[in-house]
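Number of protein chains: 2
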Amino acid sequence: MQKKYNIGILGATGEVGRQMLKVLEEYQFPVGELRLFASKNSIGKSITFQGKEYFVTEAKPESFTHLDFVLGATSNDIARSYKDSIVKAKAIFIDNSSAFRLDKDIPLVIPEINPEDALKNKGVIANPNCSTILALMAIHGIEKLSKIQAMSVTTYQATSGAGALGPQELSEQMAAIVHNQKIEPHIFPYPIALNVIPQIGSFLDNGYTTEEMKMQNEGRKILHREDLNISCTCVRVPVVRSHSIAIELITEEELSIEAVKEAIQGHAGCRLYDDPEQKLYPMPLLTSNQDLVYVGRIRKSLLHSHGIVLWCSGDQVRKGAASNAVQIMMKLIGLEPLGGSIC
Amino acid sequence: MQKKYNIGILGATGEVGRQMLKVLEEYQFPVGELRLFASKNSIGKSITFQGKEYFVTEAKPESFTHLDFVLGATSNDIARSYKDSIVKAKAIFIDNSSAFRLDKDIPLVIPEINPEDALKNKGVIANPNCSTILALMAIHGIEKLSKIQAMSVTTYQATSGAGALGPQELSEQMAAIVHNQKIEPHIFPYPIALNVIPQIGSFLDNGYTTEEMKMQNEGRKILHREDLNISCTCVRVPVVRSHSIAIELITEEELSIEAVKEAIQGHAGCRLYDDPEQKLYPMPLLTSNQDLVYVGRIRKSLLHSHGIVLWCSGDQVRKGAASNAVQIMMKLIGLEPLGGSIC
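Just so you know, the protein sequences line up as chains A and B, in that order.
Each number in my numbering comes from the position in the first sequence (counting from 1) with 67 added on.
Each number in my numbering comes from the position in the second sequence (counting from 1) with 67 added on.
Chain A extracted, bound-state conformation (with noise of 0.2 angstroms):
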């Protein structure tokens, strides 16, 4: 009989959470038992799982005894909170914040990029930062061809990324629109509907936002590139799901446009995606509700003979949360996702 994991969902109300449920059916992952916790105002309410129904509880320190695996779905305070409950019970805390992910004792890991690292993990696995995984998807076979030196980021991110009330504040500006309707934004600081937002975070001294910088922070931990140097701009977008990145980058020898486009193609977790003549490149409206990281426009840059321009399009919420950290436990019980999502 094939072996179940015993596993506790932190957050599993919200955007992430629901997410992980779901990518653990679709995976059918062996799951013993579920405990599924969340914030005061969702407990009591039921999720079904697997045909069975649960009732969500709030965590509390021993809730953890006896779980293989926490995933984390929640905010960096409540991360913070649990950690040492979920570590003293023998639990492995695969956190979806980004409380620990720049933590030197803690892994940050995709499992296509730095399987290894997750091996060597004390208890706790920070998940990456959704624009950080897509765009380091894109890139890797390329890093594996030559190193590369410098890689300049714009985003196109989707109102998902700020959780659930993202896309409903966006659909309830849209409806507001078409019925000549005043629109007050809540969730972001300006209308988004009809709009590009250029700020997702909060601001730095240095001029970034904590989202643009998470790209080189998090980029540089997790392909142990200390030296690799990412600009990066973040902008938010009216789209659903789905963010789309914009890369130039630089790689230490010159490498045709073929040899880019196979190392692509034959990356685990990435779908090439490049024809344009045939109007096929990455887009949201093709790659949500998917675990594939889609990469096209693939093309030499006119900057330098050594660069290369792409863009790519990925569903934050899975392959961006939900499903790398699922990814993550199935890599360390030596599991492959069913349906090969993952390569």
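These are calculated hints, taken from the structure and not from any lab test.
Any given hint might turn out to be false.
Identical copies carry no separate label here, and so any pair may be met within one copy or between two of them.
As the list claims (entries may be wrong) - Taking lysine to aspartate or glutamate pairs in the EDC-like style, the calculated list, with each CA pair at most 16 angstroms apart, reads:
| # | residue 1 | residue 2 |
| --- | --- | --- |
| 1 | K346 | D272 |
| 2 | K346 | E320 |
| 3 | K367 | D272 |
| 4 | K249 | D184 |
| 5 | K328 | E236 |
| 6 | K398 | E120 |
| 7 | K112 | E125 |
| 8 | K214 | E321 |
On a predicted model such as this, the values are computed, not experimentally measured, just so you know.
Knowing the structure of chain A, use the given hints to seat chain B on it.
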């Protein structure tokens, strides 16, 4: 008495043509005779300008006699077919199509950047591509401080860049989504509501689109910098009006952020709009229906000590097309627009 000028508009009923009329009115341009030309479908339509009613006619080779200027807001083919007749009639043809932009004998002009080129015209002046105008306006102050060596550009282009039918399609698609109806794209290759499309124009052999190559080809001509390399990714976003552009550039010498901000603030036609702490940065929401190019999010690149990253937004139907054409005309006759829109 102020001298008046006889003006013809080719394509007077289209998005840019109508905007040209609006700009002429707003600037209180001294229009003498006004002749409005359009395609067969629009003949007989009436348009009110400065309180007087004008009827649209079809342009014939002999339609341009006694005109001082013809503003072109048509396709390349139509622009080409009338060019010689306009020049023969001794009117100056200021054309917004891309037909003549790279012609060596025809100046390509942004009046705040290369007004001297306009004076060398032999009867025809080309109005540059909309994104190119906005991007060059944003960076020209920097170029004057220290030569730009390379520029990586990504755009967030509004649907009105595709003519009046673009925003109409977006609006119809938004209504369809709100009312749970099916979407069938006509103007754009895919649904644009809740999506972003990394294709504007058609694809060239080097993998770039025609729209993307305009940034480098036209930028070199306008700045008189045949050595300037610009890599560009152009993306359509669900916005009605105003393109936004992310730019990362490297200058010959290292510049301080203060010097860059001062140069942009002092540049005619630009508005420095850069106070992140107060959430003040350029957005389509702010920059539509006016002529200034808003520039913000100015910061040091993380890739190069001589690198600058910035973000700009501007109304591409106005400064990116109609206003720029009218401003060229005003430069030629030594008029400044009322209200200081140009400076």
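Check the structure against each numbered hint from earlier and tell me which ones fail, lowest number first. 2, 4, 5, 6
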